[in-house]
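Chemist: Sequence:
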Amino acid sequence: MSEFHETFSIPTTPRPASTPHTPPISAPPSQFHSPSLSRSPLLSAEDHIQPATNRTPKNSTPKNSTPRIRTPRFITPIGSPIRKALKLTRLDPQDAWLPITESRNGNAYYAAFHTLCAGIGIQALVLPVAFPILGWFLGVTVFTLAFIWQLYTLYILVQLHESVETGVRYSRYIQLCGATFGDKLAKWLAMVPLWNLSGGTCIALIIIGGSSLKMFFQLMCGGTCSAEPLTTVEWYLVFTCAAVVLSQLPNLNSIAGVSLVGAITAVGYCTFIWVVSVAKGRMAGVSYNPVGGDETAVDRTFGVLNALGIIAFAFRGHNLTLEIQATMPSSEKHPSTLPMWRGVKFAYLLVAMCLFPMAIGGYWAYGQLIPNGGMLAAFYIFHSRDTSRFILGITTLFVIINAVSSFQIYAMPMFDEMESSYTLRKKKPCPWWLRATFRVMFGFFLFFVAVAIPFVGSLAGLAGGISLPVTLAYPCFMWLKVKKPKIYSPMWLLNWGLGLLGMALSGLLVAAGVYVILDTGIKFSFFNPQ
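Counting from 1, position 217 in the sequence shown corresponds to residue 217 in UniProt numbering; the numbering is continuous, with no gaps.
Some hints could be false.
Unchecked claim - Here are the in silico distance ranges between beta carbons for each label pair:
1. G281 with F445: 39 to 49 Å
2. A452 with V164: 43 to 53 Å
3. Y488 with G281: 49 to 59 Å
4. S254 with I517: 35 to 45 Å
5. E295 with S489: 35 to 45 Å
6. L494 with T301: 26 to 36 Å
7. H334 with A297: 49 to 59 Å
8. A284 with V233: 34 to 44 Å
9. K427 with V275: 51 to 61 Å
The hints are simulated quantities; they were obtained by calculation from the structure and are not laboratory data. Here the structure is a predicted model, which is why all the values come from computation and not from measurement. Glycine included, each C-beta is placed from N, C-alpha and C at the ideal position.
Throw the hints in and build the complete structure from the sequences for me.
Modeler: Shown next as structure tokens:
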């Protein structure tokens, strides 16, 4: 506090040497190190800013007759940096109680771990499914442009996390949407896509994780095991129990190690799958001619749009960017933008090194033979007999570990939302037993949904269309609203163009996804996971 006072507070009238110096401001130092909307409690009554007082002894005569100015010195023009810092220090007591911003000691490494764990995973395995419809040129071109587009919108979100003008840190995607579109419109526009990206991804993880557990047991047990294998529903339950136990870690920063493990295993199994697929060579009878050449123009158009939805499904994690950045400390001299962007750049370098070989190598190896289940299904169908049991086992184990780890970061916004409802109503932190109850209930509710609709993986194109605005469109409109670039300037035109294109694509992809489902049909095996 003394360093803060000495740096910015300059007296307007010289003081006598004998006059004791009394700091005019009394506040916890931590509240000046985070010049933005912090998750720390508000200043208590005894911590309020107090004006300085002159405590001259009664019997002493002041050496200087100049009258004292009662206005605190940080109100003077010289103290404008102080006013700016106090303006930026807007504190919200509830934020200190919620899991996303309960801890603000993150760094660039944590950001890289979380971003990599969220940005690569099971969604990467379905990328090659889009290529038989699009073909080589269109598939690679669209995939590359989509990757650049989503990286640009990710940069936008990192830059918009904290506003110097308003002094607010937008620690959640829905908060930034509310500031941009208004609270009511934000709920209509963003709530369903965000629930799809969080809850829908967790459901898919339960299905993939449970099925992989079943496969791992069969690989390790072989035909010599006398134990009776569990059913698919029971394997879903085993996975859900593991995910729920791990979800008891209190906040987003506390799962940084979990995200690191998830990131390592994601890179590991992606590398194993595409390397083995390419090393084994192309399958016999592989063809790269686009599927649907003899279909009608309408069928062909909707098929292409559904393939674009599958590519959009592969790019997710933007709904977690602001939440990850919210775990970092921030100050006027050291904003959280810098370490966050360093972590994102490193993470997406590895994401690109996994996604591009997966998509291109997978399509080269399997062509039109790629099953709807994606690369993992193709790996087991075509190479379960000519690949060692060790490689198959370690790949499957990596998929399981990554699914359990990814569940934690994708579920964290839902945990935060549930606890926020309690803290808003009760005006106090959520007790540990209630927090644990919320997370157990959430996990087993998703288990019930996964058992009820185990065919959710067949809806990848539709899910990609629903969540596309969160990734590609909304950030562009947010930039226009917050930064207010000059009309018809390059940035104004770019963001309007990308935002409108993203919204139009979202509508078309949703329509195409519904059409493909109705046209080709899906085996609606309710409460009957295979």
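Chemist: With respect to the beta-carbon atoms only, verify the hint that E295 and S489 lie 35 to 45 Å apart.
Modeler: holds (44 Å)
Chemist: Confirm or reject the claim that K427 and V275 have a C-beta distance inside 51 to 61 Å.
Modeler: holds (55 Å)
Chemist: Verify the CB-CB distance for L494 and T301 against the hinted window 26 to 36 Å.
Modeler: Cβ of L494 to Cβ of T301: about 27 Å, so the range 26 to 36 Å holds.
Chemist: May I ask you to test the hint 49 to 59 Å on the CB atoms belonging to Y488 and G281?
Modeler: holds (54 Å)
Chemist: Is the distance from the Cβ of S254 to the Cβ of I517 consistent with 35 to 45 Å?
Modeler: holds (40 Å)
Chemist: Quick one: are A284 and V233 within 34 to 44 Å, going by C-beta?
Modeler: Check passed, 37 Å falls within 34 to 44 Å.
Chemist: Is the hinted range of 43 to 53 Å satisfied by the C-beta distance from A452 to V164?
Modeler: holds (48 Å)
Chemist: Can you let me know if the beta-carbon spacing of G281 and F445 is within 39 to 49 Å?
Modeler: holds (45 Å)
Chemist: Taking the Cβ atom of H334 and the Cβ atom of A297, is their distance within the range 49 to 59 Å?
Modeler: holds (57 Å)
In this structure, every one of the numbered hints holds.
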